Amino acid sequence: MTQLPTLDNPVGKGSNTSIHKAGSRWGEGLIKFWLQVCALLSILTTLAVVVLLLVESFEFFTNVSPVEFFFGTRWVPILQPSSFGVLPLVWGTALVTIGAAVIALPMGLASAIYLSEYASDRQRAWIKPTLELLAGIPTVVYGYFALTFVTPVLKTFIPNIQVFNALSASIVVGIMILPMIATLSDNALRAVPISLRQAAYALGATSYEVTTRVVVPAGLSGVMASYLLAISRAIGETMAVTIAAGQTPNLSLSMLESIQTMTSYIVQVSLGDTPSGSVAYQTLFAVATLLFMITLVINIISQWILTRFREVYD
Amino acid sequence: MAFVSEQENRNLQRRHRKSKIFAHVCAAITWASVLLLAVLLYQVCVDGLGWLDWQFLNSFVSRFPERAGIKSALVGTLYLIVLIALFSIPVGISAALYLEEFASKGRLSRLIELNISNLSGVPSIVYGILGLAIFVRFFALERSLISGALTMSLLILPTIIIAGREAIRTVPMSIRYAALSLGATRWQTTWSHVLPAAFPGIMTGVILALSRAIGETAPLIMIGAMSFVAFTPRGLGDSFTALPIQIYNWISRPQLEFHQLAAAGIIVLLLVLLLMNATAIYIRSRTERRLK
Numbered sequence: 001m002t003q004l005p006t007l008d009n010p011v012g013k014g015s016n017t018s019i020h021k022a023g024s025r026w027g028e029g030l031i032k033f034w035l036q037v038c039a040l041l042s043i044l045t046t047l048a049v050v051v052l053l054l055v056e057s058f059e060f061f062t063n064v065s066p067v068e069f070f071f072g073t074r075w076v077p078i079l080q081p082s083s084f085g086v087l088p089l090v091w092g093t094a095l096v097t098i099g100a101a102v103i104a105l106p107m108g109l110a111s112a113i114y115l116s117e118y119a120s121d122r123q124r125a126w127i128k129p130t131l132e133l134l135a136g137i138p139t140v141v142y143g144y145f146a147l148t149f150v151t152p153v154l155k156t157f158i159p160n161i162q163v164f165n166a167l168s169a170s171i172v173v174g175i176m177i178l179p180m181i182a183t184l185s186d187n188a189l190r191a192v193p194i195s196l197r198q199a200a201y202a203l204g205a206t207s208y209e210v211t212t213r214v215v216v217p218a219g220l221s222g223v224m225a226s227y228l229l230a231i232s233r234a235i236g237e238t239m240a241v242t243i244a245a246g247q248t249p250n251l252s253l254s255m256l257e258s259i260q261t262m263t264s265y266i267v268q269v270s271l272g273d274t275p276s277g278s279v280a281y282q283t284l285f286a287v288a289t290l291l292f293m294i295t296l297v298i299n300i301i302s303q304w305i306l307t308r309f310r311e312v313y314d
Numbered sequence: 001m002a003f004v005s006e007q008e009n010r011n012l013q014r015r016h017r018k019s020k021i022f023a024h025v026c027a028a029i030t031w032a033s034v035l036l037l038a039v040l041l042y043q044v045c046v047d048g049l050g051w052l053d054w055q056f057l058n059s060f061v062s063r064f065p066e067r068a069g070i071k072s073a074l075v076g077t078l079y080l081i082v083l084i085a086l087f088s089i090p091v092g093i094s095a096a097l098y099l100e101e102f103a104s105k106g107r108l109s110r111l112i113e114l115n116i117s118n119l120s121g122v123p124s125i126v127y128g129i130l131g132l133a134i135f136v137r138f139f140a141l142e143r144s145l146i147s148g149a150l151t152m153s154l155l156i157l158p159t160i161i162i163a164g165r166e167a168i169r170t171v172p173m174s175i176r177y178a179a180l181s182l183g184a185t186r187w188q189t190t191w192s193h194v195l196p197a198a199f200p201g202i203m204t205g206v207i208l209a210l211s212r213a214i215g216e217t218a219p220l221i222m223i224g225a226m227s228f229v230a231f232t233p234r235g236l237g238d239s240f241t242a243l244p245i246q247i248y249n250w251i252s253r254p255q256l257e258f259h260q261l262a263a264a265g266i267i268v269l270l271l272v273l274l275l276m277n278a279t280a281i282y283i284r285s286r287t288e289r290r291l292k
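Order-wise, the sequence lines are chains E and F. Per our numbering, the very first residue in the first sequence carries number 1; after that it's consecutive. Per our numbering, the very first residue in the second sequence carries number 1; after that it's consecutive.
No lab work stands behind these hints, which were simulated from the structure alone. Incorrect hints may have been included.
[Unchecked claim] From the structure, some residues in chain F lie toward chain E, with a derived Cβ separation under 7 Å:
hint, residue
1, S19
2, L41
3, A95
4, A262
5, L271
6, L274
7, M276
8, A278
These figures come from a predicted structure and were not determined experimentally. Beta carbons are placed, not taken as given, at the ideal position from N, Cα and C, and that holds for glycine.
So here's chain E without its partners, still in its complex pose (with noise of 0.2 Å):
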């Protein structure tokens, strides 16, 4: 029995045709593969992340106990006595990050609603644009603005605040932030059907009802996975903090002190000439493979959100 031809089968399979053959140019199934072996580079590269840094961070585990790495709250890995706690470095990231999130989750999401609810098409057509210039500046420019802008305005109002400070290393960080939050957000609540504002608007709700009520809501899935993608950006962060933020590794609750993140730890000692082998040298990887695993885990929550809470509209 012969099959009705399909895209993937143009002649259909089983069929004795000749033009099955004469439609297969020599090289297709080379070309095929090279396309494949391109597509399992992705794979690879991950394979290569993880074996490189489960091994290197085995071998610092070798060396340091897990105990003493994750609940210790000295990090002093590179003077004697040494001391391997990861917790002053975690404290600093989640400082930094916290930080940010204060500013940029509530005005992301403010300026999302702006844009997809009262801003006019003109105004859309080019805040959105301005927005994603903001979003790709490099980082080490906002380190640049962090240190001479942001750092001297707050020296004006808290006069013993210090030079390098975990508070506007958070302001500049939630600044980069907030372009991403505003439109990923933004895209989710245009995609909220506008029958459903109407339907709310005739029942006699205010615009503020609507939008507090029906439509963010509604697209609150495609919100909290801007957010969980955002805090995940300003965990990895690295340039801003490092320039802005110092190299003090420190668990104080203070934002007006120097901190040092998880991101500012790998590019202090990769700057420095520690030689590669030594303990010093595997911290490098236990931080990375630290940092690696919690912002996946970040990004593997903001996917689940995405497909599981959608809410599908015909």
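With chain E fixed as given, assemble chain F onto it according to the hints.
Just chain F now, kept in the frame of chain E:
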């Protein structure tokens, strides 16, 4: 006789007032973020424009700020752009074509898809560590231009693949059917019909990804791009520096003059980025016109 009581009327007025205030607050916040961009650019220009001249563009780094320039970093960045484009564009487009046009929608392609979207969320500094271990150490390419370019290519591949797939998906099925029904093979259809139609979209994505790559600093620091390079690289194996690295180096010095040099460097970097984005828009508008 009124339809609503005094109480209800006040209530309604309050709700409308609240709604108006909310709209204004949202607008103000959005405009504030646009204003931030203006402040940022203004600040950089005020600090840096005074230092930006031919001497700055055409000199190597120096311990004396008035003699320092950005030549090696600018040349390094230009080399990087070309090399990254050479590595990442063919591979990225090939992978996107495979996933959209050739792969059967099975478990493997779902795995690749999931994997690519996760890779695009990996912090850039982790790519730097990967580059350090694989290209610099394992393949013994040293701290060279080619190590930097390969690392950056890995970094932007997921972005290129995702943008490429979106562009390919917008090509209408009828174009493929037309080619296939005339006897073209799968690859002939892809190469001479799908790819040209998707080209503007792909190029836009590619150039946006490239401009992300040249602004990235952390991976290059990891693989050890030096910041005191007083020569332009001659070959792929030479050590190099790039604009963001040079800017970072100047920022991390305490003297004010070096901060102003950094601002001048930032202006150059932003101009390069602007030029690339303008190219993307130009390519898109040109090819779109031709296809119509």
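For each hint, the structure was consulted:
no., hint, result
1, S19, "holds (4 Å)"
2, L41, "violated (9 Å)"
3, A95, "holds (4 Å)"
4, A262, "holds (6 Å)"
5, L271, "violated (12 Å)"
6, L274, "violated (9 Å)"
7, M276, "violated (10 Å)"
8, A278, "violated (12 Å)"
Consistency with the previously given hints fails for numbers 2, 5, 6, 7 and 8, ordered from lowest to highest.
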